[in-house]
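The listed protein sequences correspond, in order, to chains A and B.
Just remember that my numbering sits 479 ahead of the position in the first sequence, which is counted from 1.
Just remember that my numbering sits 40 ahead of the position in the second sequence, which is counted from 1.
Among the hints, a few may not be true.
Said to hold, decoys possible - Cross-link-like lysine-lysine pairs, in silico, DSBU-like; alpha carbons within 30 Å at most: (1) Lys51/B with Lys97/B; (2) Lys97/B with Lys55/B; (3) Lys548/A with Lys482/A; (4) Lys482/A with Lys136/B; (5) Lys97/B with Lys482/A; (6) Lys97/B with Lys57/B; (7) Lys548/A with Lys136/B; (8) Lys97/B with Lys136/B; (9) Lys51/B with Lys136/B.
No lab work stands behind these hints, which were simulated from the structure alone.
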Amino acid sequence: DAKTTQPNSMESNEEEPVHLPCNHSTISGTDYIHWYRQLPSQGPEYVIHGLTSNVNNRMASLAIAEDRKSSTLILHRATLRDAAVYYCILRAMEYGNKLVFGAGTILRVKS
Amino acid sequence: GAGVSQSPSNKVTEKGKDVELRCDPISGHTALYWYRQSLGQGLEFLIYFQGNSAPDKSGLPSDRFSAERTGGSVSTLTIQRTQQEDSAVYLCASSKGQGQGTYEQYFGPGTRLTVT
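Given only the sequences and the hints, what does the whole structure look like? Please build it.
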């Protein structure tokens, strides 16, 4: 079962980097690691995804461990607008094309 | 460009009534998904459409729930004989295609359904 484990909540100061961890020890070789976030009262929003190599985009960076059993979403400078629930999701063959959401990490950003 | 739109944004209905929720995906997106989010249950997958293929209905919680997608674009989720446990936010998403690794899903703002 392609499951992920994330901390229930984290807190960050505005303008500082945030590292959101995710464990996925049962990941298989074809599973992609996706991150979505959900701002209050909105639908989820795609953030980033990767397979083996670290990835960067305009929103964040994704660091993937060499053994792929864990990954970290990095927000380089947190803003108040980044306060959201962050979901680490494995896109696995067994799930087909659907997203399987866990509880995610609630990120609070302090000004 | 225009994102995924859903209507209505809010719907209050009496127990036992039928409701229809609408989703307009992003133009050109061939894949369409329905999820729902309820307190204490998190986000759960309901149904998935891809082109002309048979839909993946594996997440529909009961036979009171059905969905269709006409002309490969607009989709309607129908809940018959609504129950209070159907109260939730119903989210629609679309993506450019299938392939679990490469296509991100774009979500609409959701329809908040309240069954009284």
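Okay, the hints, checked on the actual structure:
1. For a cut-off of 30 Å, the pair hint linking Lys51/B to Lys97/B stands: about 23 Å separates their Cα positions.
2. For the suggested pair Lys97/B and Lys55/B, the alpha carbons sit about 24 Å apart, so the restraint of at most 30 Å is met.
3. Simply put, Lys548/A and Lys482/A have alpha-carbon atoms about 11 Å apart, close enough for the 30 Å limit, and the pair holds.
4. The hinted pair formed by Lys482/A and Lys136/B meets the criterion: a straight-line CA distance of about 25 Å does not exceed 30 Å.
5. Of the supplied pair hints, the one linking Lys97/B and Lys482/A holds, its CA atoms being roughly 21 Å apart against a limit of 30 Å.
6. The straight-line distance between the Cα atoms of Lys97/B and Lys57/B is roughly 22 Å, inside the 30 Å bound, and the hint therefore holds.
7. This hinted pair checks out: Lys548/A and Lys136/B have alpha carbons roughly 28 Å apart, not beyond 30 Å.
8. Between Lys97/B and Lys136/B, the direct Cα distance comes to roughly 20 Å. Compliance with the 30 Å bound is thereby established for this hinted pair.
9. Distance hint between Lys51/B and Lys136/B is fulfilled; the C-alpha atoms sit about 29 Å from each other, no more than 30 Å.
Comparing the model with each numbered hint stated earlier shows that all of them hold.
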